[in-house]
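Colleague: Sequence:
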Amino acid sequence: MAERAAARQAPPARVLVPSVGLDARVEGVGVTPRGDMTVPDDPAVAGWYRYGPEPGSAEGSAVLVGHLDSETGDLGEFAALRDVRAGDTVEVRRAGAEPVTYRVTARTTVPKDELPPSAFRRSGPPVLTLITCAPPFEPERGGYTANLVVTAEPVGARQGP
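Oh and the sequence shown: position 23 is 23 in the working numbering, straight run, nothing missing.
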């Protein structure tokens with residue numbers, strides 16, 4: 001684990017999707033005691049899964065997650081993902097490195113308990129995976145029962161810090 005932390009050189013600081021007005025600060029997140037990925041409490045902030053690849057890595061899926069809305073019903077930054085379309089660009093600004101640009105290739109909705117393991121893969125072609133909640137909202141089941149998953153591929157060949 002120390003080697004992985006030492007290898008980190010350019011953690012994400014901000015994510016932008018200009019076509020839909022998404023602009024969120026990014027902070028590193030881990031997992032809950034149950035093993036679920038944590039999500040920042042603030043719906044204006046995105047979380048980067050710090051145990052996986054960073055955006056700009058040469059391989060694997062870099063995962064960013066954010067709330068659709070708050071407990072009071074105010075929309076979060078990731079609510080804008082509902083309007084993302086294939087071909088839209090995603091820019092990830094990184095601490096200590098040039099930004100990385102991605103192009104959206106897929107958008108899908110899956111039941112919360114069926115989030116594909118490939119979203120968290122550490123090898124294979126580099127992608128950026130953006131995840132937020134999706135309707136329906138079922139209070140008796142604890143909230144939203146689905147996830148919106150947006151996949152984007154890097155633009156150009158330049159990867160790494």
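Mixed in with the good hints, there may be bad ones.
[As the list claims (entries may be wrong)] Using C-beta positions, here's what the derived DEER-type ranges look like:
| no. | residue 1 | residue 2 | range |
| --- | --- | --- | --- |
| 1 | A95 | G73 | 30 to 36 Å |
| 2 | T89 | P139 | 33 to 39 Å |
| 3 | R122 | R14 | 20 to 26 Å |
No lab work stands behind these hints, which were simulated from the structure alone.
We put the beta carbon where it would ideally sit given N, CA and C, even for glycine.
Colleague: Now tell me if each hint is right for this structure.
Modeller: Hints, one by one, checked against the model:
Between A95 and G73 the CB atoms are about 33 Å apart, so this pair conforms to the stated range of 30 to 36 Å. As the Cβ distance of T89 to P139 is approximately 36 Å, the hint placing it in 33 to 39 Å holds. Between R122 and R14 the CB atoms are about 23 Å apart, so this pair conforms to the stated range of 20 to 26 Å.
Against the hints set out earlier in the document, no violation occurs for any number.
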